[in-house]
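Trainee: All chains should be modelled from the sequences, with the hints used to inform the complete structure.
Here the protein sequences come in this chain order: A and B. According to the working numbering, the first sequence is numbered sequentially starting from 1. According to the working numbering, the second sequence is numbered sequentially starting from 1.
Be careful, since some hints might not be right.
[To be verified] Output of the computed footprint for chain A on chain B, the stretches with three or more beta carbons under 8 angstroms from beta carbons of chain A:
id, stretch
1, 142-148
2, 253-261
3, 286-300
4, 306-313
Since the hints were made in silico from the structure, they are not lab data. From a predicted model like this one, the values you see are computed outputs, not experimental measurements. Beta carbons: idealized from backbone N, C-alpha and C, even for Gly.
2 protein chains.
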Amino acid sequence: MSYAAVLGYGTVGSGTVEFFRKNKAAIEKRAGQPFNIKYVLDTRDLRGTEAESLAVTDFSVIENDPEVTVVAEVIGGATFAYDFAKRAIKAGKSLITSNKELVATKGAELLKLANENGVHFSFEASVGGGIPVIRPIKQCLSTDVLQSVSGILNGTTNYILTRMENDSITFQQALKQAQDLGYAERDPSADVLGHDTCRKICILASLAFGRQVYPESVSTAGIDKITLDDIRQADKDGYKIKLLGAAKRVEDGVSVITAPFLVPKSNQLANVGDVFNAVLLEGESTGDVMFYGRGAGKMPTASAVASDMVNAVKTNADRSAPLPWVDSGSQAFVKPWQSGTSGNILTLE
Amino acid sequence: MSYAAVLGYGTVGSGTVEFFRKNKAAIEKRAGQPFNIKYVLDTRDLRGTEAESLAVTDFSVIENDPEVTVVAEVIGGATFAYDFAKRAIKAGKSLITSNKELVATKGAELLKLANENGVHFSFEASVGGGIPVIRPIKQCLSTDVLQSVSGILNGTTNYILTRMENDSITFQQALKQAQDLGYAERDPSADVLGHDTCRKICILASLAFGRQVYPESVSTAGIDKITLDDIRQADKDGYKIKLLGAAKRVEDGVSVITAPFLVPKSNQLANVGDVFNAVLLEGESTGDVMFYGRGAGKMPTASAVASDMVNAVKTNADRSAPLPWVDSGSQAFVKPWQSGTSGNILTLE
Chain A
1 MSYAAVLGYG TVGSGTVEFF RKNKAAIEKR AGQPFNIKYV LDTRDLRGTE
51 AESLAVTDFS VIENDPEVTV VAEVIGGATF AYDFAKRAIK AGKSLITSNK
101 ELVATKGAEL LKLANENGVH FSFEASVGGG IPVIRPIKQC LSTDVLQSVS
151 GILNGTTNYI LTRMENDSIT FQQALKQAQD LGYAERDPSA DVLGHDTCRK
201 ICILASLAFG RQVYPESVST AGIDKITLDD IRQADKDGYK IKLLGAAKRV
251 EDGVSVITAP FLVPKSNQLA NVGDVFNAVL LEGESTGDVM FYGRGAGKMP
301 TASAVASDMV NAVKTNADRS APLPWVDSGS QAFVKPWQSG TSGNILTLE
Chain B
1 MSYAAVLGYG TVGSGTVEFF RKNKAAIEKR AGQPFNIKYV LDTRDLRGTE
51 AESLAVTDFS VIENDPEVTV VAEVIGGATF AYDFAKRAIK AGKSLITSNK
101 ELVATKGAEL LKLANENGVH FSFEASVGGG IPVIRPIKQC LSTDVLQSVS
151 GILNGTTNYI LTRMENDSIT FQQALKQAQD LGYAERDPSA DVLGHDTCRK
201 ICILASLAFG RQVYPESVST AGIDKITLDD IRQADKDGYK IKLLGAAKRV
251 EDGVSVITAP FLVPKSNQLA NVGDVFNAVL LEGESTGDVM FYGRGAGKMP
301 TASAVASDMV NAVKTNADRS APLPWVDSGS QAFVKPWQSG TSGNILTLE
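Mentor: Have a look at this one:
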């Protein structure tokens with residue numbers, strides 16, 4: 001019998017509770033034992049919700065309960081989340097998170113702490129929502145040498161670009177549509193200015209190249225200056241405009257960028273529309289491999305969180321695997337991105 | 001220190017030996033110990049090859065060497081390969097294979113035998129070459145309920161269809177081109193008649209739905225009757241013709257088929273051209289997820305074999321995970337495929 005706690009009862013947190021109820025049989029079969037959520041931490045009143053009987057407001061209840069061996073942090077941000085994450089790991093609990101800001105800025109430190117404490121630190125849901133991408137990079141491609149990783153990592157901006165292109169509307173009109181549909185937030189800056197994409201490419205680059213890439217070291221541009229004319233001209237020239245996070249191995253370091261790119265229509269990334277995400281890996285032996293799916297959304301993200309949670313309680317789970325990216329001292333040397341340009345927009349080679 | 005044996009020194013076998021030499025550092029870091037290939041079994045004379053000093057012709061040398069803990073079977077077929085696989089497992093060695101015929105026809109039996117003997121039986125390379133697809137299905141999506149799995153699983157036929165479409169040539173002309181380029185064999189029937197695709201969809205369906213699906217229970221058609229007119233008409237109607245292996249959950253069983261399909265151009269599978277492969281999963285919570293890459297080739301396939309080999313020798317490797325598909329008695333009940341049709345070609349919904 002294992003118990004978990006979920007920190008935060010927002011979209012992903014409530015999805016995780018729902019996922020555990022709906023998929024109880026599959027979860028316990030996979031975990032090899034009964035596995036239940038014992039606490040849900042939120043400062044809000046959870047009466048009337050599915051989590052009512054599990055609600056706590058004081059993290060120390062979770063921290064001090066030896067029955068809880070897995071903590072899923074789905075609060076977001078890097079203040080409370082960071083504090084709770086460290087305390088959970090130090091208390092000997094495996095930490096699962098969907099929080100890209102936490103992983104992008106504190107990933108190496110938390111990985112090291114988790115290794116020292118003999119627990120899991122997993123973050124499949126932090127990039128690509130329900131698309132399995134972190135684990136395949138770690139496991140299947142870990143014997144190959146990765147040359148580059150890039151992708152469409154933000155569904156909101158990809159939706160906006162798709163609408164501009166298909167419906168011939170302006171950025172502002174497409175943004176308004178995305179907001180009306182709930183794809184974009186009231187304050188859309190983290191998405192449209194590229195910060196969300198930047199955090200995600202930092203996570204992927206750190207994992208792929210074995211050294212922490214910090215968001216502040218990555219040149220970041222968004223799609224707020226993309227015009228309908230840019231998109232029409234790109235189309236004529238055989239390209240689509242996509243906001244990419246891109247990272248490649250270069251001499252003496254890595255090169256990482258977040259920017260709108262001209263993507264040749266023959267490239268698989270060009271065909272990824274609407275809110276979909278895709279991650280393209282280039283392995284020395286494996287060649288190009290792409291993972292595609294819904295990069296956000298309540299249940300896809302919750303399923304990735306739940307999958308990590310189950311993995312943490314399995315007997316003989318694969319925790320000992322030497323993740324290359326564990327030493328918080330080894331920051332990547334990020335070099336400027338070299339690429340052909342067309343006006344302000346980079347061209348994907 | 002761990003030792004492996006490679007059975008068969010054809011394309012994949014020689015690629016595996018090469019991969020171990022080239023990626024020695026990454027492999028040993030990942031394995032957490034020195035890890036070498038001790039034997040290469042082949043009936044041919046390996047003098048002058050990289051495997052010269054490792055060559056053996058008698059399987060019992062491998063079987064009886066307690067230092068060998070991993071056996072990679074890359075012979076193909078289900079006669080010698082089947083015999084060696086069983087003997088390796090019974091001798092307490094983990095078995096890795098790229099052999100789709102072996103897995104599609106004997107997978108459940110070998111999984112059961114491996115479980116009884118406490119060893120790994122892994123077959124990432126049997127579907128999709130270097131694309132990680134078996135492991136993500138097993139691990140990341142294992143807590144979700146899979147509704148369907150389908151894909152372009154054969155590079156040769158996808159190349160032929162792409163050439164017919166792009167160059168307006170006949171099936172025979174495109175086949176000749178594929179043969180000249182080494183993409184198709186002298187006797188191309190296993191590819192063009194759909195048998196290769198059938199074996200692969202059987203493996204994916206068995207894994208996704210937890211019961212062995214045998215190739216002989218699956219209605220199988222190839223692309224040998226596809227005309228240029230079919231392709232032109234499909235294009236006018238907004239479709240591409242793709243040879244798919246497809247499996248879906250239906251009431252009281254599963255439905256599995258291998259056939260040319262009309263794939264709507266808006267579907268991600270329509271954009272998969274040339275020799276590329278793609279596998280599309282539909283999870284209840286996860287939604288659509290697609291894996292894309294080179295489905296064959298020496299080094300992509302070798303990298304998948306090597307990755308499975310390394311996984312088998314890691315400390316605390318994840319062997320105990322309860323694979324749903326272990327009981328050779330539980331054959332899937334395969335029901336007829338229900339779908340819209342257009343002439344002889346099925347339509348993908």
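Trainee: For each hint, tell me whether it holds in the structure or not.
Mentor: Going down the list of hints, with the structure as the test:
Evaluation of the coverage hint for the stretch 142-148 of chain B: fulfilled, as 4 residues show C-beta separations to chain A shorter than 8 angstroms, against a requirement of three. Only when three residues or more bring their CB closer than 8 angstroms to a CB of chain A does the claim for the stretch 253-261 of chain B stand; here the count is 0, and the claim is violated. Restraint check on the stretch 286-300 of chain B versus chain A: 12 residues with Cβ-Cβ distances below 8 angstroms, three needed, restraint holds. Residue count for the stretch 306-313 of chain B with a Cβ under 8 angstroms from a Cβ of chain A: 4. That meets the three needed, and the coverage hint holds.
Hint check: a violation occurs at hint 2 only; the rest are consistent with the structure.
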